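Dock chains B, C, D and E against the given chain A, drawing on the hints supplied.
In order, the protein sequence lines correspond to chains A, B, C, D and E.
Residue numbering for the first sequence follows the working numbering, beginning at 1 and increasing consecutively.
Residue numbering for the second sequence follows the working numbering, beginning at 235 and increasing consecutively.
Residue numbering for the third sequence follows the working numbering, beginning at 344 and increasing consecutively.
Residue numbering for the fourth sequence follows the working numbering, beginning at 685 and increasing consecutively.
Residue numbering for the fifth sequence follows the working numbering, beginning at 1297 and increasing consecutively.
It is possible that part of the hints are untrue.
[Stated by the list, open to error] Once the Cα atoms are required to be at most 16 Å apart in a straight line, the calculated EDC-like pairs of lysine to aspartate or glutamate come out as: (1) C:K564 with B:E259; (2) C:K462 with E:E1300; (3) E:K1632 with A:D154; (4) E:K1429 with A:D180; (5) E:K1632 with E:E1617; (6) A:K165 with E:D1352; (7) B:K338 with D:E1003; (8) A:K61 with A:E103; (9) E:K1426 with A:D180; (10) E:K1429 with A:E177.
[As the list claims (entries may be wrong)] DEER-style ranges, computed between Cβ atoms: (11) D:M1251 with C:K417: 58 to 64 Å; (12) B:N249 with D:A1000: 34 to 40 Å; (13) A:E6 with C:A668: 42 to 48 Å; (14) B:D254 with A:G210: 49 to 55 Å; (15) D:N998 with C:I487: 53 to 59 Å; (16) D:A1000 with C:A668: 52 to 58 Å; (17) E:S1507 with A:G210: 56 to 62 Å; (18) C:G414 with A:N46: 54 to 60 Å; (19) A:E177 with E:P1583: 52 to 58 Å.
[What the hints assert, rightly or not] Chain C regions said to be covered by chain E (calculated; three or more residues, Cβ under 8 Å): (20) 468-475; (21) 576-589.
I should point out that these hints are in silico values taken from the structure, not numbers from a laboratory.
Given the structure is predicted, the values throughout are model-derived calculations rather than measurements.
Using N, Cα and C, we set each Cβ at its ideal position, and we do this for glycine too.
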Amino acid sequence: MGKIYERLMSDVRLQEGLKACINCGTCTAVCPAAEFYRYNPKNIVNIVQTQDDEEIIKLLKSDTIWYCGECMSCVTRCPRTNAPGQVIIALRTLSVELGYFVESEKGRQQYALAKVLCGNVLNYGYCVHPETFKYASHPEYGTVGKWIEDHLQDVYDRVGANYGKSGPGPLRKIARESLDDLQKIFDVTGGSARVEKIKDLSRKKAQEMGLSEEEYFNEVFNETHGEHLNQQNQ
Amino acid sequence: MIDFGYGISPSSAINLDKFDRTRFEELAREEPDVLKCMACGSCAASCPTAGHSDMNLRKVILLLGRGREDEALRMVSHCMLCGKCLIVCPRGINTRHLIPSVTKIYQKK
Amino acid sequence: MELTNQQRNVVIIGGGPAGIEASKALDALGYTVFLIERENRLGGHLGRWDRLFPYGTPADDVLGQMTASMGRVKWFTSTEVTQLNKLERGYNVILSNGLSVLADALLLTTGFTLFNASKKEEYGYGIYDKVITNADLEDYFSGIPVPAVGNPRRIGFVHCVGSRDEKVGNRYCSKVCCATAVKQACEIKQQFPDAVVYCFYMDLRMFGRGYEDMYLEAQKKYGVIFVRGRVSEVSEDKDGHLFVKAEDTLSGKPLRVTLDLLVLMAGMSHNRAVDPIARTLALSTMEDGFLKPKDSLTAAQASYCTGVFYAGACTGPKTLPETMAEARAAATNIHEYLQEQ
Amino acid sequence: MKDRFISGYNDFVLPFVIGMSFILIYLAIGIIRVIAQLPAQDRKKFFLSLINPKLWIINLKDIICDVLLHTRIWKRKPLLGYMHSSIAFGWFMLIVLGHIETWMFVPDRLSTFYYPVFFRFFVMETDHTIGGSFFFFLMDFFLLIVLSGVFLAMFKRIRSRIFGMRRTTNNQLPDRIAMYCLWAIFPVRLLAESFTAGIAGGSFLTRPMYWLFSNFLTNTYHILPTWWAYSTLLGTFFVLLPFTRYMHIPTEAFLIVLRNAGIKVSHPRKGYSIAQIYSCSNCGMCIDACPMMGQKKNLRYATVYFNRLLRRRNWARCEESADKCLMCGKCVAVCPVGVDSCNIKRSLRGLKAAPAPADYGYFSTYSLSESATTSPSSAEPAAGQEKILYYAGCMTQLTPVISKAVGTVLDRAGVNWEFMDRDGGICCGRPLILAGRDERAREMIRSNTELIRQSGATVLLLSCPICYKVFRENYDLKGIRIVHYTEYFDELVRLGRITLRNSGEKLVYHDPCELGRGCKVYKEPRRVLGAVGELVEAEKHHDESICCGGSLGSLTLSYEDRKDITMHSLDNLLYASPERIVTACPLCLKTFSPYSPKKVSDFAEVVAQNMN
Amino acid sequence: MNYEGKKKIWSEFQKEIPDDKYFYARSCIRQNFNPGAEQAFLDIVRNRFGKDFYEDPLHTTCGGIAYHSDTTPEETSMTIIARQFSLMNQAGYRNFVVSCVTSFGLHTEILQTWEEHPEIEAKIHELLWKACKREFTKPDFLMHSSDMMYHYRFLISEQARYPLINVHTGEPLKVVEHIGCHYSKIFPSKSVGGAEYPRVLAGLVEALGGSVVDYPERRHCCGFGFRQYLVKANRGYSLTNTYKKFESMEPFHPDLIITNCPGCNYFLDRWQYVIAETSGKTYGDTPGYGIPVLSSEEVSALVMGYDPWDLGLQMHQVAVEPLLDKMGVQYDKSRKYKGVGGKDLGIPASPANIRIF
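The shape of chain A in the complex, shown without the other chains:
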């Protein structure tokens, strides 16, 4: 048993999520990612199960672990009460902690995600917020979405949202007191450190790739280079 494996096993999600896999494939059978990406949750569980550090590190540095959509459909079906989805979360956590995420194209996307999502949480108290959710980067928001964006306050007012105002209600402005609480929670629980780590390592990677921070953001957010899809060549 390797050190990396031991470290993984200290994660409660892995303890709960990985008993002993019997390779029955019920997880892969229903996995939305397995039909789309070159991905097979059963294989991942199997690699972790080998307890082979070398293989696990390869996994942590690969695109593979970033293909999962965390829908947890696999959890329902496993006859051994494993939770491949939870195993993935633990692997991703470790990949970030060990700084391996910048080694893979999909892992590097953590930069965009951390920046936007943690920014939203800490700045607005929401995971998603109209100030950062823009039609430009979300064209599927549709013509209606564009219309909403163009008449933000009016539309929200019309449907009874409390956009940007104090007091209760949808999209109310979260009080400073609450935002401070969130910041402190991030600080004491390692959330801030995690975000900083992602940003630091990403900046280094950006430099290495010869990109500015903004270019790096656009790169990881928009671009696909490697072969990720699992289409059959027929």
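Below, chains B, C, D and E without anything else, positioned relative to chain A:
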């Protein structure tokens, strides 16, 4: 049509409903042994191309039986016909002759 | 005071193959044997099966042979144990037919119950019309109408339903389902030669003499297609066909197939009817509910309770020959026990 | 002795003349076609051979030995040999003597080629001379020889076992007609000559016959019809010839010339192969020789029938037959004509194989094993010292006992060696060649050659005869000695680099097909094994040894059929009750081991066990 | 399809749902895209049924999306949720109801983890104290808003003005239910009806007069996949999975899709637009329109006679008008895209292949 910058991808799943078994059945007529495979993997394990190419006879048989013919033929093109698989097959399948039969049946379109 | 064998009573609970075989053996040794069966006929699950693997022997023939001569065995069908008291020596067994027997030894041959396949909700047994169980298919083979069968072109067999499954509390392998599935796959191919038959398995446990040949025949003669992957989900399409999702684990790819009939190989669960007896006599059970023998290797027929013995599937999944052998072993054990008394 | 007729002609010669003309034209066209179909290179070889006096001598010798005297059959089955040579040589002598008589007594008739054949009809005996009587004696003598042969041939049809043949070819209709013609020709000739013996004279055979017949045949009306019959039989035989097995009579000589010119099979039904298949006498020697014939159902795959199918261009069945063949080479070894059927089958496989795209790009990922650093005796070789590269091959990978034993022996001998494919390697290419895919094998040959050159080795040591054959025949490794371990170990023993002790164990040596018949290595392994134990021979050995059944030569032989061959081969090996079977091929070892009642060992293993 | 079989399964997945007194936590996605649904929910439970549902303006996101995008440690979400519980305690409530399915799943998972690993809960007490000087006790009951709609389904049907019945044919509307994955797939026992045949929406639909359509890919994820949608480079994943569902439900011609998850609601709606605009294909009964996708709150409110534009159904890309017409809902077409007091806000651009009104 709008270009959203992403699109729908076809599923990678094996869809047996869409698998026309005619050619596989032709193969099974020519090489009835192909039905005897129990996927033990002895052939793939002993194959001299193992570790050097993606040739895997167990998978070739499987993929042909699932309608993934292109993939199987790609693997088959790496075969050196050395016959090691023939020696190790516990089910006595004439694995070596399977290769030319596969190419013969699947080459003609 | 020395008692003759005939003056000693042995009560056997469960009139399946184990009970029948043990009762005959004990009868031959001269004991007075009472065989109690809850159903209205002897034979247990064997009575519901059409033909037996691996050679396709008709179950009726086997059962007929077994019950042809029951000797002096006093057997009661449609009878249950209503009360059971431990005495200083032996047990007082009161039956639903009013009979009260002072038993010097008790043999439990209570067998198993077939896993309730509707518990595997994702397979839709009891919901989707075209999903049936191995037992239903045996009914069909025996000539009992099973409308779900119809005239199928695509048939699937799902192994390990209710076995090797912690979610339903059965971690064990039911042992007989693989062979049964392969047997049934061949039989259904005989009935519908043009049908495509798939077996979805995790491991094919063809451990017995002749089983591997049966597997080979299924592949070569009948062209049964074996897919290594547990069915994950079954749903019904607009026309009532079954849409099955599994992984073809040998190629590592998700697999989809539409079927006209899906047969669930329901495994063996412990027989809940034995629970009250186990409680009364404080018999040990295992976490999955099966009775726990004193020692699975050296005292497989003995319980922790003096004078109580086990044979057959009450201690875990068994094949028919194993059950019969255990029954004969239990008879010998009981004989030894009674001679020492 | 002088002409009986001024014209020197009678109508009855017409059938003969027509038949003879037909066959001569047919042969001429056939020969031209064969030569035209030869690849340019081979054609050149052929013409060069015609101006080479040395080859002329060889050709002559071969033709006399093989075509007339059938020495090869003599060696194997004397009675059968006598049967063949009596007819062939006897007939040949009758023709020669007929010409000599004509030349001596009526030299001006030599220009009509029927005259010497019907000599006795056209001449009358004018006076008794010693010379004349001598020729009469010779003619009767050779006629008797031919007749004895014909009698044996008739008898063989009924009782082939007496000739040492368990099975004989089943004949087709033209064959049968031609055969009856052949059987009839000489008795009729005897009759015809006997009837004219009163006029033309005769010797110990014809003259008494004449007296016998003249007792009840008072007139001479029967003379002409008999000669008519004789001529007609000859004519019929010649016309039928191209469509029968007897075509081998004229073709074989041509085949010998082509073979001695160094021509090889390149197409299953063009050029050289035509000469080969028409040279097949359908004698059926190959039927008993074939290891597949243990099962009745395989009879149809016998080489003789393959040749016949090939003549008829029945491609589908030819292909089936070719794919089934083990390529053990035994039918070639026993063939009195030396038809190279294995190579014809190989070329047919190549011709009929589906064109399959091969992708061998991955060959570049193979490298030499790092054994240079792991082998204890792999220090830099001193100048002039040989450096051995051991190539185990695919099959030896499945029998590590061999490569281990080879290593032990080499280390003991203090040889500087390297293991080329310890971690696996590229196939030698022989299996592909056996499958008729020479062009695909070339890629393997190229890649392996590169690796071998890279190693700087001076000797390439092989433990697998399959590899050995291809390395010897198809690789261009100038400057590198290619040697099989049986030969090499024999050399080590003789040089005293290893010494052996004799355990007294009773050993039988199995000649692997590719090593024995394939590469003619017979004596080296026996010499070594003779030194470590008591060597006994199998019932059939050397070039008659029986294939183990595992051969890669067969493409379609089923597992069950192979097993039958293995059992048969084992029976043969256990003939002299040996304690152990020794083979020198990993495939034989792997094939025998599961079924042999006696221990089966590899040659290297036995050597390693018995080194001092 | 055997309904009795389903009923048997439902009987095994019963969930105890307290009738009243809840602390309400909002959903980030719903507030952004369908805020009207939350307002309708509160209005229905408070004003129509007279129940006590409290919303504290100080509550925040649970951080679930950030957590499932693997940007924050589990402790962070645990502590944020602990803070929400603390707010609940402060307000004197013991029952917690969340509007978001991701939240519901995360809350359930965290409560389960604390149950099995008390040391982790202890650590969170510590962390929350350190960060906010707060204490908390866990709620007695955790509900998702769709659980509440299910629980009140008969109250809703009592007040139904426009049941889920096609007014033209008198037939029940064919309704496809889509359950957010995190509602029951992780902990089937914490849901109404389990993971395979969830009862929560089916029960509501049946109570409101509709008939539930079961199609092969019913259980398949909508394809959100967190990072698979949020990062544009991955978005094909999301689209492809929704596409698969629509292809599978197509032969059933559903009139309406009902969801309990704010995210699914948004994706099933917007991806129909993308599929139409990239391939020209639309689904559903009415050519050129899509299948309206509404949340359980929106459906309930609509049935109870709420004005569709007050509800904010104009914020859906797929037009709801064909559905409203089938239900016989009275509505003012012209007011659809108007602001407060009829303020003219223009109208959204009309897509090429799918109609928006």
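TODO: Would you list, in rising numerical order, the hints stated earlier that this structure does not obey?
DONE: none
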